[in-house]
Structure formats: C-alpha cells, structure tokens
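Trainee: Chains A and B, in that order, give the protein sequences.
Read left to right, the first sequence gives residues 2 to 228 (the numbering used here).
Read left to right, the second sequence gives residues 3 to 92 (the numbering used here).
Read the hints as simulated data drawn from the structure, not as lab findings.
Some clues are possibly wrong.
[To be verified] Cross-link-like lysine-lysine pairs, in silico, PhoX-like; alpha carbons within 20 Å at most:
| hint | chain 1 | residue 1 | chain 2 | residue 2 |
| --- | --- | --- | --- | --- |
| 1 | A | K215 | A | K152 |
| 2 | A | K189 | B | K33 |
| 3 | B | K41 | A | K152 |
| 4 | B | K33 | B | K68 |
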Amino acid sequence: MGGLWHPGWRRVAFCGWRWIHPGSLARAAERVEPFLRPEWSGTGGAERRLWWLGTWKRCSLRARHPVLQPPRRPENSNPLTRAQQEERRRRNKTTLTYVAAVAVGMLGASYAAVPLYRLYCQTTGLGGSAVAGHASDQIENMVPVKDRIIKINFDADVHANLQWNFRPQQTEIYVVPGDTALAFYRAKNPTDKPIIGISTYNVVLFEAGQYFNKIQCLCFEEQRLNP
Amino acid sequence: MSTAMNFGTKSFQPRPPDKGSFPLDHLGECKSFKEKFMKCLHNNNFENALCRNESKEYLECRMERKLMLQEPLEKLGFGDLIGGKSEAKK
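Start from the sequences, fold in the hints, and give me the full structure.
Mentor: Dropping the structure here:
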C-alpha cells in the first residue's frame, strides 16, 4: 500500500502546492502527508482526502499553466458586436414598450367590460337579464290581452331569525298580460319587541320573471313592525 | 333564490319596483277597502280582471292617506276605468 501511494502522493503534492503559497512547499508536504498515511481510514482513498484539502477539483493530471491557455479578448472592444448589441437593446426596448402597452390595455379592457357586457346582455337578452322595454311610462299604453290567462301562486318565506308571521292574503290570482294587479300580504309581529325587517321578491320561473314589472311594493326597504 | 351555488343556472335578479316601496299600512286606514277587494277576489274565484274597481279604490285610499305618492291613475294601469267612469257620469 505504501508503494502504491508514493507516485500519487508526489503528483498530488505538486497540485496542492500550486494553490498554496509558493514558498511553502515543505509545509504543504507536511500538510498533505499525514492524510496519506496508510493507517488513516482506508475506505475513502486518496481522492477524498485531497478533496478535503480543497484542491482536488482544480487539479488534473495535466496541470494548467497560464502560458498554455489562449489569451482572453475583452468583448466590448470588438466593433462588430457593439452594433449588434445596440440593435438588440433597441429591439428589447420596443418589445418592452409593446408588452407594457398590452398590459395597460388589458387593465383598461377589464374596466370597460362591465358596462359593455351589460349592454350586450340587454340587446341579446342572455341570462334573463332586464330587457329594455320595462319603462314605467308604457303602463298607460298597455292593452290587456284577454285570451291568455296566467295563474300566479303566491308564497311567502321568512328567514329563520326573523320572527314575523308573513303570509299572502290570496293563494292565487288569475291575470292576463297587459293588466295591473294588486296583491296583499299580511305581516304580524307576535313578539313584544319591535322588529325591523326587509323583504324582497322573486318570480319563479326565472324566464317568466322578466315579463313581470313591479310597480310598487313594500319591499327593498326596512319596515318596522311594532308588537 | 340565487343563493344555491349552481354554476350556469339562470338566476333571478330582483328589480327594484318602479315607484319604490310604499310604507306599511300600520294603522289599518285602508283596511275596509282591502277587505272589499279580498271579498271580490274570493267571490270571483281570484280573477283579477273582475276586481279592478276595488283595487283602484284601494289605491286611491292609499294616495289620500299619504301612504302612497299621488299618481295619475292612468299611470297605474287604470286608464280604462277612469274613462268608463267619466262616460257613465255623462
């Protein structure tokens, strides 16, 4: 084992010395030597110890010498690449401007989309949204269509927390298109404290709801019921 | 209403009423008119078209008692009733 080590040690010592102070050849040898002693753990081998020293990676069997490497040229002094670089920079700037403009355009479109979508829905009537033609001044021009009778059922729901007794006074009513109708609901406060509630309405079927125009009701405002 | 999280189903958007909301009839000032209207509905098997006079009277009561803003009755859809009344008077 000792005999096998000798040539490697010498080569390695030379590599190790190159990166340490040039005057300390003897000291480097002293530093390298203890780790190459045979009684040190034989599992790693010489490579691991030298890696520990920090010089193994840079060492190769053919040690580099500064004279043998080709000299490096500074890049900026080459006139051909400078024009290319400027061209590249200009192109980059225009691209950046375009990208920024697209981003700002997207932001503006997201703001503009809200009224545009509403307009679109109104014209096409998608999703059961309000179609123009629900103006209240058209009521006086309405003519009832007497042969189409529509039956409307009335229902009242109360939220669990609201202690009102809320009932419709009529369960159903027959109307015809072009007619105004009156419907009554009764609300009673059975507790001994005043309760404020608010009501809303909806029409089921949803497609039919857009054909009903509510003129006035007790809803969408807080109503206070005394005991 | 539209609280069920169904994606893609149509939902109902309640539109606020055209003339807003009117206050509750707390003191029961127009109760007699209301009772007349309900009785008419019951008698006529809940046909609204036959009880329009009573509904008109109820709304007039409300307007008098300031429970409702004054509106010309044509705007509320009772134009034919007013015309018929004036003709009958003649």
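Trainee: Hints broken by the structure, by number, lowest first?
Mentor: none
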